[in-house]
Amino acid sequence: MLSRRAGLSRAALLAPALAIILAVGVLPLGITLVYSVLTPGTYGGVSWAFSLDAYVQFLFERDIFDDTLQFNGAYLSIFARSIGLAFGATLGALILGFPTAWFIATRPREQRNLWLFLITLPFWTNLLIRTYAMLLIIRDEGIVNLSLMQVGLISEPLSILYTDTAVFIGLIYAYLPFMVLPLYASLEKIDMRLLEAGYDLYAGRWKVLRHVIVPLARPGIVAGCVLVFIPGLGAYITPELLGGGKKLMIGNMIAMQFGSSRNWPFGSAAALILMALVVLVLLAHARAAGREGRAHG
Amino acid sequence: MAEISAAARDRTPMAGTRSPARRRMRDLRAMPGFSAVAWACIVALYLPIVVLVVFSFNDNRSVVRWTEFSWRWYEAAFANEAIRGAAWTSLKIAAVATLGATVAATMAALATTRGPRFRGRALALGIVNQPLVIPEIVTAIATLSLFSLIKRLTGVNGIGYLMLAHTAFCIPFAFMPVRARLEDMTLTLEQAAADLYATPWRTFRLVTLPLLAPGILAGAMLAFVVSLDDVIITLMIAGPGETTLPIYILGAIRRGITPEINAVSTILVGVSVLLVLLLFWVQRQMRK
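Residue numbers (our numbering), protein chains in the order written: chain Y, 34 to 330; chain W, 71 to 358.
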């Protein structure tokens, strides 16, 4: 009797949070799935007729005269671009984030929290504003170009803005904290006597780094990469502002289908494919983490 | 929140001064060039924001060349009807979302950390954290699809939709600190209260809730910051006249860069930074 009452009160406590997220987080995904197999409405929205066109449209274009299907790589290339940019940004964030996390992990204990705080603080400020701030400094008239010209390194401004480079820089800038935090969590746990052992066995710094530190930091490296890659893949604001809306990524393409392009079924299908990619990455990570746990446990 | 658990381990202060052996260890740990990269990263993280803030005080239309200190862009921003309206909309949504998300998250945290493990606990945790896993653009268009369907069926419009959507994605952020606090709290005091014939409700009100308060406060602040900063979901589902401050800023950037945007952005960054500083302070107090 008592346990039944406990169960009931637990259900009542859980109810509001679960109800809100099921209604506004999970149910909409079901609607998106349904919308992705409907026909686009004339003025946006959908018309309730079954069609797989949204998925066919990814690879093929329907000829308006004879209704034949022709291969069209435009959307595929947007996906490839997004994956490439997200992957590049992940690699860039790792190359910058690893030394940063190591630096923090080797500070005296009482300083580490301050460093971590400095890394986390930008994450809690508005991403749109941070991206706008990045736009301000990498513009042709921005502070980066002005100071480079002042020193005489370049005679004309580097045109970075509205290129892939700008999106790449913006993604690293946006998600670097996501890389540093899990890396730090792994690096901080490393028993520094292992380094000493490595040096005693005549390993140089590079060898110790490669054969001692990096293998021990693997869970952090993988977690950091997942945490940067996933939001990078679905990025909207960064390519919108820094890519000038011309250099599209998946996120912008999806948003466009619900705005000016008015093809809700296609947008829904693209969103589901993006989600499938994210779930795949997460599953791979969970499996890798599980293996790691078993190997060390 | 890796830094919280890391910080928890650091609770014990280092005893005494560093021994010579320890100093030698630090030399061993140094890697060539790593410090330079770390410093460069910190500078690169802050430089754009510093430039943005500095030029919001520039007495000139230019966001590049400094002439003189002035408040004129802040005066212009405060005089701007659209900005005032957007700020008010943002605050209304953030207030409702914070209240709703914090209450729901606190209840859910109590259910998942107190009492024996139950079947479906992992599923419940998965659902609570769902908004963190799904890419924001997917949530945005999915929510738009649902809301436009409801709007067509019922004819009901209004800001309530935005408030509900914000509440949903704020729940996991409010949940994290409350759950962390609950896991750190021992059951001793609650058991003592129960031994003294306090009813469960009295125990909760007089013992659990006061102990939990810093966690709830931290959760509420995170929820507020996250709601205030949201762009993508709001952009997709906001109806006419429901412009929030970030949406206003995005529109203004698309129309052309002015120092007025810098001023509004500086205010928004300032609010977030203040709240996060307060949050870290609360968490430090919690540990003492």
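Possibly wrong hints are sitting among the right ones.
Here chain Y is said to cover these stretches of chain W; the calculated rule only asks that three of the stretch's residues, wherever they fall, bring their Cβ under 8 Å from a Cβ of chain Y [unchecked claim]: (1) 110-124; (2) 257-264; (3) 272-280; (4) 313-323.
Straight-line C-alpha distance at most 25 Å; calculated SDA-like pairs for lysine to any residue [unchecked claim]: (5) K222/Y to G117/Y; (6) K221/W to G155/W; (7) K280/Y to S110/Y; (8) K279/Y to K162/W; (9) K221/W to G106/Y; (10) K240/Y to L98/W; (11) K162/W to L55/Y; (12) K222/Y to H244/Y; (13) K222/Y to P190/Y; (14) K280/Y to V67/Y; (15) K222/Y to G185/W; (16) K162/W to T258/W; (17) K221/W to G74/Y; (18) K279/Y to G106/Y; (19) K280/Y to Q355/W; (20) K222/Y to S110/Y; (21) K240/Y to V255/Y; (22) K221/W to K240/Y; (23) K221/W to L55/Y; (24) K222/Y to P102/W; (25) K222/Y to I112/W; (26) K222/Y to R140/Y; (27) K221/W to A56/Y; (28) K280/Y to I317/W; (29) K221/W to G78/Y; (30) K280/Y to D173/Y; (31) K221/W to L305/Y; (32) K162/W to R191/W; (33) K221/W to H244/Y; (34) K279/Y to V255/Y.
The hints are simulated quantities; they were obtained by calculation from the structure and are not laboratory data.
All C-beta atoms, glycine included, are put in the ideal place defined by N, C-alpha and C.
Check: For which of the previously enumerated hints does the structure constitute a violation, in increasing order of number?
Finding: Of the numbered hints given earlier, those the structure breaks are 2, 3, 5, 8, 9, 13, 14, 15, 16, 19, 20, 22, 32, 33, 34, listed in rising order.
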